[in-house]
Each structure stands twice: as structure tokens, then as C-alpha cells.
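J.: In order, the protein sequences belong to chains A, B and C.
Everything in the first sequence is counted per the working numbering, starting at 1 for the first residue and increasing by one.
Everything in the second sequence is counted per the working numbering, starting at 1 for the first residue and increasing by one.
Everything in the third sequence is counted per the working numbering, starting at 1 for the first residue and increasing by one.
I should point out that these hints are in silico values taken from the structure, not numbers from a laboratory.
Any given hint could be a false lead.
[Said to hold, decoys possible] Stretches of chain B that chain A covers, calculated by requiring three or more beta carbons in the stretch to come under 8 Å of a beta carbon on chain A: (1) 111-125; (2) 145-151; (3) 177-187; (4) 233-239; (5) 251-265.
All residues carry an ideal CB built from backbone N, CA and C; glycine is no exception.
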Amino acid sequence: MNSRREFVRLLAAMPMAWTVPAIAAEPVPLSFWYPVDLGGGLAKAVDGLVSDFNKAHADIQVTPTYTGNYDVTLQKIQAAKLAGTLPDVAVTEISSVPVLASLGAAQPLDDLIAASGGRQFLDRFWPSMLLNCGYNGKVYGVPFQRSTPVMYYNKDAFAAAGLDPEKPPQTWGELIGAAQKLTVRDGERITRWGVELPLEAFDWFYYALTYSNGGQTLSADGTKVLWDQPKNIEALQFWYDLVNKYKVTPPYTPWNDGPQEFAAGKTAIVWHSTGSQAFMRQNVKFHWGLGRIPKNTQFGPPSGGGNMLMYATDPGRRRAAWTFMTWMSDAPQAARWSIASGYLATNIASWDLPEMQALIKEHPEVLVTKEQLPDAKAEPTSAKYAPARDILNSLIKDVLANKAPLKAATEQAVASANAAMAQ
Amino acid sequence: MKARLAPYLYVLPALAMLALWNYYPLVFLVDLSFHKLDASSPVPAWVGLANYRALLADPLFWRVLGNTAVYTFVTVPVSIALGLALAVALNQRLLVGGLLRTVFYTPVVLPTVAAATVALWIFNTNYGLANYLLELIGQPPVAWLTDSGRALWTIIAIGVWKTFGYFMLVYLAALQALPQAVLEAARLDGARPWDRFWSITWPLLRPTTWFATVIALILSFQSFDFINIMTQGGPSNSTNLLVFYIYQHGFQYFQLGFAAASAVAMFGLAYGLTAVISTWFNR
Amino acid sequence: MKLPPLRRIALFFALLALAALVAMPMYWLVVSAFKTSDEIFTPTPRWLPAGLDWHNFVEAWQSAAFGRYFINSIAVTLAILLLQLATSSLAAFALARRRFACRGIILFAVIGALIIPIQVTFLANFITLQHFGWLDSYPALVAPFAASAFGTFLLRQAFLAVPEALEDAARLDGCTGLAFLWHFLLPLSRPTVLAFTLVALVAHWNDYFWPLIVTNRDAIRTLPIGLAMFVTQEVTTDWNLLMAATLFVAAPMLVVFFFTQRYFIRSHMHAGLKR
Chain A
1 MNSRREFVRL LAAMPMAWTV PAIAAEPVPL SFWYPVDLGG GLAKAVDGLV
51 SDFNKAHADI QVTPTYTGNY DVTLQKIQAA KLAGTLPDVA VTEISSVPVL
101 ASLGAAQPLD DLIAASGGRQ FLDRFWPSML LNCGYNGKVY GVPFQRSTPV
151 MYYNKDAFAA AGLDPEKPPQ TWGELIGAAQ KLTVRDGERI TRWGVELPLE
201 AFDWFYYALT YSNGGQTLSA DGTKVLWDQP KNIEALQFWY DLVNKYKVTP
251 PYTPWNDGPQ EFAAGKTAIV WHSTGSQAFM RQNVKFHWGL GRIPKNTQFG
301 PPSGGGNMLM YATDPGRRRA AWTFMTWMSD APQAARWSIA SGYLATNIAS
351 WDLPEMQALI KEHPEVLVTK EQLPDAKAEP TSAKYAPARD ILNSLIKDVL
401 ANKAPLKAAT EQAVASANAA MAQ
Chain B
1 MKARLAPYLY VLPALAMLAL WNYYPLVFLV DLSFHKLDAS SPVPAWVGLA
51 NYRALLADPL FWRVLGNTAV YTFVTVPVSI ALGLALAVAL NQRLLVGGLL
101 RTVFYTPVVL PTVAAATVAL WIFNTNYGLA NYLLELIGQP PVAWLTDSGR
151 ALWTIIAIGV WKTFGYFMLV YLAALQALPQ AVLEAARLDG ARPWDRFWSI
201 TWPLLRPTTW FATVIALILS FQSFDFINIM TQGGPSNSTN LLVFYIYQHG
251 FQYFQLGFAA ASAVAMFGLA YGLTAVISTW FNR
Chain C
1 MKLPPLRRIA LFFALLALAA LVAMPMYWLV VSAFKTSDEI FTPTPRWLPA
51 GLDWHNFVEA WQSAAFGRYF INSIAVTLAI LLLQLATSSL AAFALARRRF
101 ACRGIILFAV IGALIIPIQV TFLANFITLQ HFGWLDSYPA LVAPFAASAF
151 GTFLLRQAFL AVPEALEDAA RLDGCTGLAF LWHFLLPLSR PTVLAFTLVA
201 LVAHWNDYFW PLIVTNRDAI RTLPIGLAMF VTQEVTTDWN LLMAATLFVA
251 APMLVVFFFT QRYFIRSHMH AGLKR
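So here's chain A without its partners, still in its complex pose (with noise of 0.2 Å):
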């Protein structure tokens, strides 16, 4: 009799016996891709990041591969969705996050974040950051590397003009004021601009003026621009005259010009990236400060940078993607890939942390971009928003050039996107 019993308590136990061997198993194998948007010694930091990732989980393998810039990152998941060869997880720009989404490349979240906490796990975040995030009310990505504009402002060239160092200009008035003593001029040629915003094919700039004007630029529901709309037309009109009418900026200044031509002090003040402070501090040789973005009724910096999209579908691999992806978001990696990079740190928590602590006591302007993340808004996107994004560039491109009358221009390139999105 008992070892009958004995027997079927063996027999009972014998499963959990077999699972044994199936825990013990091979780690799962991810890929990761990622764009360096920042120079080639950010890979090392990721590759860092990642290694450190597989040590402390034995049971995942992630392969990191840099994958170009935003551009290539793109075209390299459109093939591999052709080709059925789509990465784990890939991080790419914000306003890509929509068509990803609709091409049923990348993957919805929602059901991993219920499981981590949900809305208490995505309370982690900068809530400005997760505006981006999502597509037709589900989440698809995790905020990576990401950042906003601001503006970098040359404090000797301040205290030469008789304005104060500490107090860069906070509202379009003070902006204005400023850049004009700010400018120097040699007759009819400019020696020195007073402000540059340059333009870059995402139209960054634009959203800034018309967010800190208090404007929204795309309906609700994606489809049409509202370029035409007063409060946008405002900022327009503010761009158009610090170019022609007070005559302190440049019609055109490409984007990588603009950090380079503030360390050669051919212009007193720049808008850009946070991502630029690194650059700034190699490169420039005089005193420089970071001021917010100017308001006009509102603060409102416009988000910019990539997201970690997860691709795979086998339930295995979401799992083992998403512990990757949320480790890489926890508060220690956070500030570690921030410092690295330049990035702001998508965390809260991170910023408080040591050692995000003593790099604001190294570089206290830091925390001028901690204090506009609050304000940011969502970069505009949707499904189909890329040529209309082209149509706005052209347009402001032609506008500032006095090329084209700014209210007609504005109402054709609204009625042009439109039609291009419908498509």
C-alpha cells in the first residue's frame, strides 16, 4: 500500500521534473537594432548598456546592430517587413511610431504594460514623452533617446550688447529686443545674426512658434493640417519678420549649420537640439548659457528623438523583449544612456539619481531642458503625415525667402497636404 502511494506521488512529481530541463534551456535570442544619431561613440554606450543586459539576464541574448541614421533604420524595416526578417526591437524617430503601427510592423504593448503595472508603470515616464507613443489608442513604443529644442545663447556676446547674462530672452518681445542688439552689421552685410532657427526636414521650429503661440497644427484625428488657422499664421508671421522685417535672421539656415556657425560666433543665438550640448561644450570657446524656448502665451517645446518599438510577435520573444525594453527604461540605465548621449533622461526618477545630480553640478544649465519637459508638446504625426511635412518645409523655406505671400502660400500648402495625406 504505501509504496503504491509512494509510486503515485512520484508519478505526481514527474512533470515538474521534465519542465526542469525546459527552464534550463537556451536564452532568447533578440536583436536590437538601433540608429546613432549622435556620433559613433554612442554605440560603444549601447553596446555597454546591452552587454550589461545579457549578464544580469542569463536566460536573454540581445544582438545590438547600429543601423545607420532615422533614414536607413527605416528603410532597412520596411525590407525586412517585406522580407519576413524584422528585428526583436528597433528604436526609430517619433513620428514614425503611426505608419509602423498601421503597416502592422510594429506591435501594439498594452497587454505588457497591464502585466507591469500599467498606468503606474507608464507614470515612469516624462508624460510629454508618451504623446508620441501611440497609435489609435494603443501604445507601441517606449521612450529612448529623446529630446527638444532650446536655445544655446553666447553670454559674452550678451554682456558686449549691454544685456543681462543671466536672463536670456523668455518671451518673443524679449527675443526680438535682444537680437537686435545682438546683430552686427558692416554696412548692408551681416557680420553676426542676432537669433538663427534652422530648418531641418522635420520643421521642428515651426511647432515651437506655433505651440508657444498656443496653436495646434494637425486635427485631432490626423487628417488635415491647420496651418491656416490665426494662431499659426502668428507664428509664422513672427519668423517672417525676424527675418525681413527686423532683418536678425538668416532666410535659410540648414540644420547642421547652426550649432557650427554659434561656435564661430557668426551668430549670437541658436535654436537646437538638447542633443547639441555636447557639441557645445568640445566646440565652443567663449561663455554659453541654454534659455527655454521662448513664449508667446505659452511655453511649448515640440518632443523630437526615437522610440523603442518591439516588432516580435511569438510570445516568448515579446516577453523576453519587453524585460529588455523596460530595463533599458529603468532609472539607473536612463541617466547612464543620458549622460553617454546627451539625450534627456526619459525617466522621472532618473534625474535623481547621484549621478544625474553631479552632472547638473558640473553643467548647471542642464537643467534648463529639465524645466521644459513639463510644457513639451507631441511632435505632430500621423499615418500619412510625411508629404505633408515636406509641403510645410518648402513652404516656410519660400515664405521667409519672400518668394511666396504668406497667407496664399500657407492656404495652398494646407489644401496640398491634405490631398497628400488622403491618398
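Fit chains B and C to the supplied structure of chain A, relying on the hints for placement.
T.: Below, chains B and C without anything else, positioned relative to chain A:
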């Protein structure tokens, strides 16, 4: 029998490879051009000629065609002429001739990303080398890349700079192969160098010139790298060439079916142009 | 043609002036490679670096696996070159020296392949490679370039220029077909073969786009990918590192060109008509 088969066997390796890696993709692309594949249609859906109709109806497409025509019809003759002139000039034992030839070939060898970055610096309006030199001779600065009337010409200049070395090389090789006896005879006859060149050398170089023209056409696609890095088609689509338009619609706007149609159009135009050139040269 | 001395000198100086203009960007590149980052963005151009600082080269080399990339670039470029020479000379031989049915059509087709750019082919080729299971491996970098319409064309031109009489004479000596190709056609077309080699070498050595698309592992990636890491979209480029890296990427090609370009100079021997 074996002798009859031989030529087919000789062309087979090349032809098979070309078929797999060049022709098949073209067929694939033509097929794709008849489908809609974008954010609202993630699975390819047959639409027949709709993409082509949309292409012809797009005013930007015609603008881009115009830009591409200007770019092609300037860079091709200019870079070939420059290459030929240099080949003729350097086809003799000159002091530091080897060094000079290397200098002229260096732009060809330079990776595009580096060449584009240096070009961006040289042509910067506010502190670039070009405007600095203009300033030295008392001229006002020029907005080389940021003025929509000028940018295309700057890109053209860079295109010529990057490719003329190829043609110098090709013509140097061809000049090597010219029958010396004929040229010697003409020289002994007392013909002037200029006349000798035009009535003897130039006609003998015709096959090379034909070939160079076709190659120049292909090389004009390289402009994509410069546009992508330096201007992204701007300002205001003034440097948007067909090669970039395709990329823009395929990989920035995610409209793969439409982009495929424009790629097929580009291939058709390039092929037609090549056929016209070939007929003209081989008459 | 030999010019009179005065003309020669004038020509020489004209060439020197042009060379200076063409070389100016290169000069700037070389000088920047020796500058520290903040020396580059000065209000007026600084023609000379403060010192010969090799630090940029070291830092650039260490930013990515350049040693590995170098080996891969050499291996891949040479493999492509050899395959292209082999397939092109065979095909060019048939197209230039043999009459056969479909010769015209095949020639026509080769011209067609000549003008198909990478933007057209890459997507399909990527999917093809995935079917073969070759993604992220050496075959992915080499196979799509195994044949060259360009090379086939160039060699056909060169082979056409060799007189038939030569082939008849060779046949009498028992040298026919492929032997003739190897012993006569190719040596006689040496300048053309060299021209093609130089062009193909540079094209594949500098190819950034294709290797980036089809490879993920550092172990098989090539030099231009390392170079691209210094160029960014969101901030500004790591100038001095990019220039330093460019130099060690471009140097091998320049060295190869410098040592082979002497073949393109008229020597005292007449080419082609002597055996």
C-alpha cells in the same frame, strides 16, 4: 557542335547573374508598380495603372523631371569634355604627371559621405570657403545651397567634380589603344595639333565617347547621395531629382507601389535616352 | 602629341591651377583630420592645423571595428572584382569575337542592365537573398555583383579593336578560343582591364548602402558603414573624426590608383601591333 555552343556558354555566367540580380528586380518592380502598398494598404492590392496615372498627374513629378533634365544635360557633356581635355593633356610624360593624374582622380575615390560633408562646409553661406574666397576679392556672399535658384547648379558643379576623373581614366585608356602609325603619319605631314585632334583622334575616340556618355548617365544617379546628405531635395524641391523622388515616395512617404511606378518611369527614360544616344553614335 | 616647350610650360601651369581647385576640398579634408574639434569652427578658415595631432586617427579607428571592416572590405571587393572580370571577359569575348544567334538581343539586354540603379534593385535582391538564406553573410555582399554589365561592355569595346588577322594567325599556331582570350585579348586590352578594375574597386570599396541593408553583424560589415557612424541627422557631424576616418578609408584606393596610372601613359613602345 561544341564550337557552336561555345559562345552561349561564355555568355551564360554573366547573363545568368544579370538576370537574377538586375532583370528580375526590374520585373518585380513593374509588378509592384501595379499594386498599392502603403500605410492604408499594408498588403499589396492590385490597382492596375492607377499609380502611373497619379504619377503623371503630380505636378512635382514634372518639376523633378525638369530638374533631372537640367542636371543630366549639363553634367554629362561637361564632365566628359573635362575628362577628355585632361586625358589629352596628361597623356604625355610631364613633370609630376602621375601626381596630377592622381589628384584629378581623387574626387572619384572619395567616399560620398565625406565629399558631401566637405562640400556642405565649403558652400556654407556664412563661413564657408567659397564665400570666404569671394570676400577676399570683394564680392558679396552667395547662398550656394540655400537659394532655390542656385542650389541645383551647386549640385551640378559637385557632380562634375566627383565624376570627371572617371572619364579622364577612360580616355587615357582609349588614347593608349590608338593606332600610333596613323597619328605619326599625320604629324609628319605637318598637320597642326588642333586639326590633328579633330580630324583623326576625335573620330577614333567615338566608341569611347559613346561609352563614356552612357556611363555618365549612370553616374548621374550618384547625385542621390549628395542630395540625400546635403539638400534632401530642397530648397523647395529645386534639387529634387528623379532618383531622390523615388526614394522620397518609397521610403519617406511609405508609398511603395507609387515609388515603384516612378522607378519604372525612370528606368524607361534612361533606357530610351541610352537608345537614342547609341543610335546617334553608331550611325 | 609632343608640344613645343613654351606651350608645355603654359599647359603645365594651367593644369596646376586646375589641380589646386580640384584638390582644395581634399586639402581641407586632410587638414581637418589633424585638427581638434574646436579648431574647425572658427570665424575664418584656418588653413593649417595647430599641430600634427594623430589623436583623431586613433580615436576614429577605435570608435568602431575598423580593423574587421578593413579585412572585410578587402575580401569582398577582391572577390567581386575577380568574379566580374571572369564573367565579363567570357561574355565580352563571345559578344565581340563570335557570331551567334541572339547576339544582338543579348547585347541589347546588357545595355539595359547597365542603367538599372541600386534604388531599383535593392528591395527585390534583399528578398531573394532572404529566400536563399544568405542575409547577413558574405554571399549577400558579393553575389549580386558577380556580373557587371559595365565590365562586359568595356571589354567588348576593347576586344573589338583587336584585328581579326591576329586571331587567324593565332589559330594557325593552335591557339584558339579561351586560350586566345587568355594569351592575347586580355593582355592586349590591359589599359581597359585596368580602367575597369579601378572603377569597380572604387565603386564597391565605397559602397555604403547595400552592405548596411543586408548585414547586421559587425563581423562581416565593411568600411563605409564605420564611416557613416560619424555623420548624423539630429546634431552635427563629428567632423575631425569623419575626416580622419575618410583618409584611412580612401587611402588604399589612392595608393592603388597612383601605382597603376603609369600604365595609362604612352610609352615608347607601340601598343598592340607587335607580338
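J.: Check the structure against each numbered hint from earlier and tell me which ones fail, lowest number first.
T.: Structure breaks hint 3 only.
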